[in-house]
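Could you use the hints to bring the two separately framed chains together as a complex?
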Amino acid sequence: GAGVSQSPSNKVTEKGKDVELRCDPISGHTALYWYRQSLGQGLEFLIYFQGNSAPDKSGLPSDRFSAERTGGSVSTLTIQRTQQEDSAVYLCASSLELAGGYEQYFGPGTRLTVT
Amino acid sequence: GENVEQHPSTLSVQEGDSAVIKCTYSDSASNYFPWYKQELGKRPQLIIDIRSNVGEKKDQRIAVTLNKTAKHFSLHITETQPEDSAVYFCAASLGFGNEKLTFGTGTRLTIIP
Chain C
1 GAGVSQSPSN KVTEKGKDVE LRCDPISGHT ALYWYRQSLG QGLEFLIYFQ
51 GNSAPDKSGL PSDRFSAERT GGSVSTLTIQ RTQQEDSAVY LCASSLELAG
101 GYEQYFGPGT RLTVT
Chain H
1001 GENVEQHPST LSVQEGDSAV IKCTYSDSAS NYFPWYKQEL GKRPQLIIDI
1051 RSNVGEKKDQ RIAVTLNKTA KHFSLHITET QPEDSAVYFC AASLGFGNEK
1101 LTFGTGTRLT IIP
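First to last, the sequence lines map onto chains C and H. The first sequence stops at residue 115 when you use the numbering used here, and every number in between is there. The second sequence stops at residue 1113 when you use the numbering used here, and every number in between is there.
Excised from the complex, chain H in its bound form (with noise of 0.2 Å):
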């Protein structure tokens, strides 16, 4: 089945800084990667996703690139807020029919002000 990795499990950024989080997947049939954030006892909710006919997609500070030939694809975040302190978790679905969700481990953000 489907093995997704995520690095790095912590990250400190100061303020006004980038992020970028780094995820790799195994199953090359996988095609939809969406990106979760789960602020500390709250529901994960969507932020963004790409489908693997895209190589990059960006909606206003964030960002997701996918390299389907290496199998990894990343997170940008820049100009960090403080708000955007969570975890964040990485995920992989092969779609058309199987959209079970195999999740990364997560990564811890903090952003210090």
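Looking at chain C on its own, in the form it has when it is part of the complex (with noise of 0.2 Å):
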């Protein structure tokens, strides 16, 4: 079946706008992630959805990202006032919750680059 799918693939923004980032996870599964790649870094992890818990989103580094999954499929990010530094590959992952089944799928990324 259908992989992750994220979409734009790269977003060129002035600073100071605001972006939005579309996550499409594979079809029933129930866990959606957010993660950052800087260039030439790790995956910085940013925000978790499961189920119809509350999200984790612990690892949003300031209150100009936020994110929300609507329909406990499609998720989407949100940085305002994007700043130089936001700059980055953002990630989307999903899994499916089984008894030990914690394999994350990645999508492609978009590449955000704030001018």
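Because the hints were derived from the structure by calculation, they are not lab data. C-beta atoms are modelled at their ideal positions from N, C-alpha and C, and glycine is treated no differently.
Below, in silico cross-link-like pairs of lysine-lysine (BS3-like), each with a Cα-Cα straight-line distance of 30 Å or less: (1) H:Lys1071 with H:Lys1057; (2) C:Lys57 with C:Lys15; (3) H:Lys1042 with H:Lys1057; (4) H:Lys1071 with C:Lys57; (5) H:Lys1037 with H:Lys1068; (6) H:Lys1037 with H:Lys1058; (7) H:Lys1042 with C:Lys15; (8) H:Lys1022 with H:Lys1068; (9) H:Lys1042 with C:Lys57; (10) H:Lys1042 with C:Lys17; (11) C:Lys57 with H:Lys1068; (12) C:Lys11 with H:Lys1037; (13) C:Lys11 with H:Lys1042; (14) C:Lys57 with H:Lys1037.
Taking beta-carbon pairs under 8 Å as the criterion, some of the chain H residues facing chain C (in silico): (15) Tyr1032; (16) Arg1043; (17) Pro1044; (18) Leu1046; (19) Phe1089; (20) Ser1093; (21) Gly1095; (22) Glu1099; (23) Thr1102; (24) Phe1103; (25) Gly1104; (26) Thr1105; (27) Gly1106.
Here it is as structure tokens:
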């Protein structure tokens, strides 16, 4: 079946503008994650949605970042008043919550450039 | 929170030789340890994972070992091939409804033909 998809693939925005990044998880996956990968760096956890539970927002770097997940499927990550340090690849992942089944499948990412 | 350290940051090995990448973690409650391979410009892909009730797991040329007492785990790639060249990331999570991954900083593996 289809994997995790993200849009747009690339986004260039001016400092101070707001951006929205979209993630479509694998159908039926109950958990959805957002990570950020800066150039040449590892992946940094941002936020995690699991079913109807309150999201784990512990990785969001500031209150300019927010995310929602509608209908338990599609998720949108919003960055308000973007700054140059927000430039990175934003990766979404989803997983199927089975007993012992933790594999996270990643999307292709959105490369955000703030000028 | 969890902290994962990964070494080395770069590794070059001759084709056919073995490569070993090591990670340590800080939270003794972590119980799931995946390894991801990321080729240039592509998404991370799971290559192998291990859970805390297992000490070693193998899948063809790839193996992972886990030492819970010492809080470290390692990736072993034998008979390396040019297509093994990539960046490898280790990660850890608590599991049991808290599956967010804490990643290491990555190892750039280069296989020399």
